[in-house]
Structures are given as structure tokens and as C-alpha cells.
Amino acid sequence: MKVALFATCLVDTMVPQVATATAVLLERLGHDVVVPPGQSCCGQMHVNTGYRREAVPIVANHVRAFAGALSSGVEAIVAPSGSCVASIHHQQAMVARRAGDHALADDAAALADRTYELSQFLVDVLGVTDVGAYYPHRVTYHPTCHSLRMLRVGDRPLQLLRAVRGLDLVELPAADQCCGFGGTFAVKNAETSTAMLTDKMANVLSTHAEVCTAGDASCLMHIGGGLSRLRAGTRTVHLAEILASTEEAVTPRQSTSPAVPR
Amino acid sequence: MSAVDLGMPSLPHAPRGVGHLRGDRSFPDAARESLRDGQLRANLGHATSTIRAKRKAVVDEVPDWAELREAGRAIKAATMARLDEHLVALEEQVTARGGTVHWARDAEEANEIVIRLVQATGTDEVVKVKSMATQEIGLNEALEAAGIAAHETDLAELIVQLGEDTPSHILVPAIHKNRAEIREIFLRTMPQFQEQGVDADLTDEPRRLAMAARAHLRERFLRARVAISGANFAVAETGTLAVVESEGNGRMCLTLPRTLITVMGIEKVVPTWRDLEVFLQLLPRSSTGERMNPYTSLWAGVTPGDGPQEFHLVLVDNGRTAVLADEVGRAALHCIRCSACLNVCPVYERAGGHAYGSVYPGPIGAVLSPQLTGVEDNASLPYASSLCGACYDVCPVAIDIPSILVHLRAEHVEAQERTTPEAVAFRALAKAMSTPRLWRLAQRAAGLGRLLSRGKPTLPAALPPPASKWTRTRDLPTPPRETFTQQWVRERGR
Ligand code: SF4
Chain A
1 MKVALFATCL
11 VDTMVPQVAT
21 ATAVLLERLG
31 HDVVVPPGQS
41 CCGQMHVNTG
51 YRREAVPIVA
61 NHVRAFAGAL
71 SSGVEAIVAP
81 SGSCVASIHH
91 QQAMVARRAG
101 DHALADDAAA
111 LADRTYELSQ
121 FLVDVLGVTD
131 VGAYYPHRVT
141 YHPTCHSLRM
151 LRVGDRPLQL
161 LRAVRGLDLV
171 ELPAADQCCG
181 FGGTFAVKNA
191 ETSTAMLTDK
201 MANVLSTHAE
211 VCTAGDASCL
221 MHIGGGLSRL
231 RAGTRTVHLA
241 EILASTEEAV
251 TPRQSTSPAV
261 PR
Chain B
1 MSAVDLGMPS
11 LPHAPRGVGH
21 LRGDRSFPDA
31 ARESLRDGQL
41 RANLGHATST
51 IRAKRKAVVD
61 EVPDWAELRE
71 AGRAIKAATM
81 ARLDEHLVAL
91 EEQVTARGGT
101 VHWARDAEEA
111 NEIVIRLVQA
121 TGTDEVVKVK
131 SMATQEIGLN
141 EALEAAGIAA
151 HETDLAELIV
161 QLGEDTPSHI
171 LVPAIHKNRA
181 EIREIFLRTM
191 PQFQEQGVDA
201 DLTDEPRRLA
211 MAARAHLRER
221 FLRARVAISG
231 ANFAVAETGT
241 LAVVESEGNG
251 RMCLTLPRTL
261 ITVMGIEKVV
271 PTWRDLEVFL
281 QLLPRSSTGE
291 RMNPYTSLWA
301 GVTPGDGPQE
311 FHLVLVDNGR
321 TAVLADEVGR
331 AALHCIRCSA
341 CLNVCPVYER
351 AGGHAYGSVY
361 PGPIGAVLSP
371 QLTGVEDNAS
381 LPYASSLCGA
391 CYDVCPVAID
401 IPSILVHLRA
411 EHVEAQERTT
421 PEAVAFRALA
431 KAMSTPRLWR
441 LAQRAAGLGR
451 LLSRGKPTLP
461 AALPPPASKW
471 TRTRDLPTPP
481 RETFTQQWVR
491 ERGR
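Read top to bottom, the protein sequences are chains A and B.
Per this note's numbering, the first sequence starts with residue 1, numbered consecutively.
Per this note's numbering, the second sequence starts with residue 1, numbered consecutively.
It should be emphasised that the hints constitute simulated quantities derived from the structure, not laboratory data.
Ideal placement from N, C-alpha and C gives every residue a C-beta, glycine not left out.
Within a straight-line C-alpha distance of at most 25 angstroms, the following computed SDA-like cross-link-like pairs (lysine to any residue) qualify:
| # | chain 1 | residue 1 | chain 2 | residue 2 |
| --- | --- | --- | --- | --- |
| 1 | A | K188 | B | T473 |
| 2 | B | K56 | B | N43 |
| 3 | A | K188 | B | A445 |
| 4 | B | K431 | A | A60 |
| 5 | B | K469 | A | M201 |
| 6 | A | K188 | B | E422 |
| 7 | A | K2 | B | E491 |
| 8 | B | K431 | A | R53 |
| 9 | A | K2 | B | P436 |
| 10 | A | K188 | B | S26 |
| 11 | A | K188 | B | G38 |
| 12 | A | K188 | B | R25 |
| 13 | B | K456 | A | G233 |
| 14 | B | K469 | A | L230 |
| 15 | A | K188 | B | A461 |
| 16 | A | K188 | B | P465 |
| 17 | A | K188 | B | A425 |
| 18 | B | K456 | A | E210 |
| 19 | B | K431 | B | Q416 |
| 20 | A | K188 | B | R32 |
| 21 | A | K188 | B | L35 |
| 22 | A | K2 | B | Q487 |
| 23 | B | K56 | B | L280 |
| 24 | A | K188 | B | P28 |
| 25 | A | K188 | B | E417 |
| 26 | B | K54 | B | P294 |
| 27 | B | K56 | A | D155 |
| 28 | A | K188 | B | K469 |
Beta-carbon label-pair distances, calculated as ranges:
| # | chain 1 | residue 1 | chain 2 | residue 2 | range |
| --- | --- | --- | --- | --- | --- |
| 29 | A | A67 | B | Q416 | 29 to 35 angstroms |
| 30 | A | V128 | B | R36 | 47 to 53 angstroms |
| 31 | A | V187 | B | A96 | 53 to 59 angstroms |
| 32 | A | V187 | B | L222 | 55 to 61 angstroms |
| 33 | A | V187 | B | E376 | 17 to 23 angstroms |
| 34 | A | A110 | B | Q416 | 32 to 38 angstroms |
| 35 | B | D201 | A | V187 | 51 to 57 angstroms |
If we strip away everything but chain A, and leave its shape as in the complex, we get:
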């Protein structure tokens, strides 16, 4: 299948290895990956902070970048981010329609129909749970709020992780509690955000996992940034990176939180 990769603004700029891992994984599964040029952002941060009108040109850019891909044989758009995919599904058409641009709204809705978060694409579209990965580490999984409640990815990421060879999956206590990231919430309400992060980190550390994973780079940057500051020794690694790892090849420069000397 020909698949277009939406790297998302954060992954592309801050953690490119996550997008690389997504591409490596999809190619290993036999698919043809294209990266449409001109892509930048889904517009979520603008919408969620109240810049609804300013989000419209961002949505238009997203539609422009990907609409061409669909007409050139791409069957699905995949992004390694539950939150951005949720925004594509729930917000893009809404902001365009509110701004009176119904053509854009229709195009955005049509693209949304073909857009999948990585674990949904693997399990629902490709029908695979064993992606042939090897990752010999103790791992705990944080189901980010937007993946869990807006996209309803359910236990798909866990199904995928359970099939990874060598991986020791440990349950995260109070997993469904928000980590406190929340986009600009982390800055606008920094103290409350930190209080939530503190509890999330305590739960992560209680599992004695080496790695905390999730399907959203943004939440991982927040949790990983906190763990790194604590010099806790537990790293954050995106789900795509784990799934892309094999015995032969480990993806380059893995881990989203900076390595901490122990």
C-alpha cells in the first residue's frame, strides 16, 4: 500500500527519529512510504489555545500538502501522534466551517477519513499486531488522553507491545490519568501541570521500567523532560521507535528524553 507519512510539526522539528522509525516500520511491513513536501502542522495548538481563526490557513496548508498525495495513489495517511490525528478528525473541518470555508471543510473531512494514528493503522487497516520487533527492555505504557478519549485507540498499542519479542511489559498504575501536558496548559498553568506530572512520574517510577512509552511525542517530551530533570534513569521512547526496533537494526539515536548518565 502507498502510505503518506504526516510527521507532525513537533516530531519533525524536535524528535525526527520518531518519524524515521515510523517510515522504517511501514517499509519493513512492505509498504511504500511517501513524505508529502510542504507539510507542517495540523493546527491543533492554535485551535486549543483559542486561535481558531489563525488555524484556518494551517488547516489549508495541511490539506494542500496531502490532497495531492491522495490523487497520486496514496491510500492512507499515517501519523505517529494520537493527538494530531484527533485534531485532524475532530477540529480541522470544524474550524474551516466556522470560518465559512465550506470547501476547505469538506476537503479536510475527506482527508480525515483516510488519516490514521499509527497503532490504529497497524491493527485496524493492516490487521497486524506482531510487527516483528525486538526490544529487550522493561517497558510501561502511558495511554495519552487524546489517544485514549478522543481517538479511542483502546488497547491497540498494548496488543502491539505484547507481540514485541524480548519486551517486558509492566502495567502503569493510574494509567488513564492525564500527565499534565495539555499543550499550552503546561506553560499557562505550569504549577498545576507540574503537580500532575509529579504524580505521573511517581507512577512510572513505581513500575521500575527502563522505558516509558506512548503514542504521542508531546506527552513524552513532558514526562521525559521531568524524568530527565529528576535524573531518574527511566527514559521515554515513542511507540514507533519500539516497534521499529529489530535484532538486526536498532533505529538511530533512539529515545526522546535525553540520555541520563547513571
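Given chain A's structure and the hints, the job is docking chain B with the ligand onto it.
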């Protein structure tokens, strides 16, 4: 219809200076204080996790909860679409049964009406059934200013009143207090203890505390000639009012005094008894985690020789019609005040109810208060959420609180008269993100952040604001040399 568009007059919001819908500090400032209060955090964490578990257990045992919830949502939406007709029907029915209906545009008018009614009875004290509407309009303070003492009879409300505190939760106003603190308040303020001096018998055992409150309240019930209540529901077809409660204090107030005054927000009306059936199933499970609440009191008008002989219903707008006019925000009026959203909210759990500065705290407060007052009067509240969506999941009438929060944020941004530095930054970012050439430049600029890190994996903590708000507690990774798309083009030629 006139050919000239005269425009809609803007609908009035809840007035300033009356009632309790606005805080005097922004949410982050007020939260800072409560976040440092370890006792408060412990009390709240304990209470909310207990009630969360109870709620989940009793909701999970209802096989058709999803359908029930959808029925609740649909009834509310249909009722709001014809609110005017239902309210007129309610008025007719209440009047036909010997009650009197009063319409209050805002908190001031509502308070004036109630004061006038109480004064007409010649008494200078009233007993009260726990009511959010009277909290909202600041009725107790208004009564006090008019020389009328209002005695709260709900246990938690009584604790708050005696402690000269303010409520911090819709259902459990004293959720932030623990048993030892309650005992201390009782010993300090209840006349029965003051006469005897110290009372060694009053331990902080819940039963002992409840007995003390009972002795205190019984005397009040028997003396009272006027009671003031709120209402959980009003059935338009028969003019029936309903109060749902756990302790029975409400029933004492609703039956013993001669005069009963009910103060109710206009959104509480439901068309028929059949509608009530749905909410009486949704409410107790969502709020107290009980299958059914112990007391449901229903009354319509007056009955000679039985119960109150005079009944007044005060219908309060106080900003509600303005909320109703907003097609996205109006769903906040569907709220049945179960407080389930507060109990699951991670922000409420940490920051506590007082940080919201309004009688309506938590997720529902973050959308309702700014709408009732006008968003500029409560501008920090729509941002007091990480948009995690837990509130939407538990809401028994499926109010999409996260979407309303996002909508109100936009209303706030669009209402700004002066351009803020934040708006400048977001507009510049939007420009870059919608222009591929500029976006590549912006990404390169981000990559230059490497210079700050001097080869370390993280950026230094001493960054200028707003980055400093992040780096106070979290490391920020050093941006990579090359973006993913750059690398892809370099390796694959596109
Ligand atoms: S918004 Fe929903 S969950 Fe929250 S108090 Fe109202 S009815 Fe309950």
C-alpha cells in the same frame, strides 16, 4: 419581518459585585496557593478517588448506561430548544396549584424578591436547603445585609458556613476539610458546646459529628417559619418541584415551615414526569455513587392543612439566556450538577475548588462561570484544563466540556481589544506553518537552539519566558541538527 436588520441586543450577563461567580484572582494565581497546601491536596485526593471508585462501580452495573446517558442528553437539548414554552407552562401549573411565580433577570432582582417575601412574613431567620442557585446569587449575604439570618442545614454546607469558609465542591462543599478540622469548627461555633465549654465527648468519629450537627439543626427546623430551597428539577406539565438529597435535612425544611421559597435557575425545567425518570437514574449514580438517593422530595403548589401554606417560585436568569444564545456553549446549561466531572478532573484534584473563584468549580465551572459572567470576567477559567477529556467521559448528560473550553478560549482571544505578545507569536507561527518556505526557516531557527545547549542533550534551564515556565521543572531536549523532512529529502531526494 422587518427588512432592516436591527441586530440582536446583547443579552445581559450575571452582574458584577453580586453573588459568587467571579474570583478576585486568576486561576493560576489562586491555584498556586492551594497547590502548596499539602493537607488540602491529601484531603482532596482521598475524597475524589473514593467517590470515583464508587461511581464507577454503580455505573458499570447498569447495562444500558450509554442509552440512558443519550436519553438525558437528548431531553436536555430538546427542552432548551423550547425553554420559553416550558417555563410558561411551568408558571401556569404552579399558579394553578396555589403557588406564586416570580421572574428575576439577575442576582440582584432575585435577592430583592426573596428578601421582600421573607420580610412579609415578619420573621428574621430562615432555614435553607442546600442550593447552588442561592450560592450563585449570594443570597445568604443579601439576607444578612437585610437583617435576616440564613441557617444552612445540609451538613457540609453547615460546616462551611460555621467555619466562615466558602464551598469548594458542588456536592460536597466541605470536601477540602477533614474530620479533625470539622470537629474543631463545631467545638468553636456550636452554641451547645460553648455553653458547656470544652466537650470531651465530641470525637472526630463521623457518627459523633453527625449527632452534634443533628442536635444543632433540630432546634432550627422546629423554630423556622420560612424555608428557602433550590430545585434539582421542575416538571412543567404539573408544576412539580423536586429536590434530591441524602440526609433528609431538605425534607425537614420543605415540610415544616409555613412559607417555602424556591429559587431555581431557569434551565432546571423538564417537560414531563417521564423525563424525570431518566434523570433520577442518572443523577445519584453519577454524584454520590449510590443506586438511588435516600430522599427525593416532590411538591406542587400548596395543600391546605399540610406542609407550607405559602409557596413562591423564583425563576432566575442571571446570565442563562446569554448562554442559551451561544450554540456551542449552551450545552453547559444541560448540567444536572452531579459533580462527577469534578471528581475525575486531574486539575480540580490538584488545585482544589477555591482556585476557580466561583461556586461552580471544576470542569463544568470552567465553562459555566465564564459564560454566565461573560468570558472576559473569568478569562483564566477556560484555560484551567489540560483538555484530557475525563469530564466528558463521565458526564451523565454527555456535555462535551473540552469542546466548550476550546470554544470559549477562542471567544476570549477574539474579544481581545489590544494585541498581546501571545497573539503576535501565534499569528507569526500560523503564518510560518501555512507557508512551507517560512516553515523551513522557522524550523532552522529552532535548530539553532543547539547553540544554547553547548553540546548537551538538554537546553539550559535559564531560558526566557515563556520557556522558563517549562524549564522550571522539566528539561527541554536540544533540537536536532536536521529535521526529519530535511533528512528524508537528503537521503531519498523526496
Ligand atoms: S457537567 Fe456533567 S458531570 Fe459535570 S456536574 Fe454537570 S452533569 Fe455532572
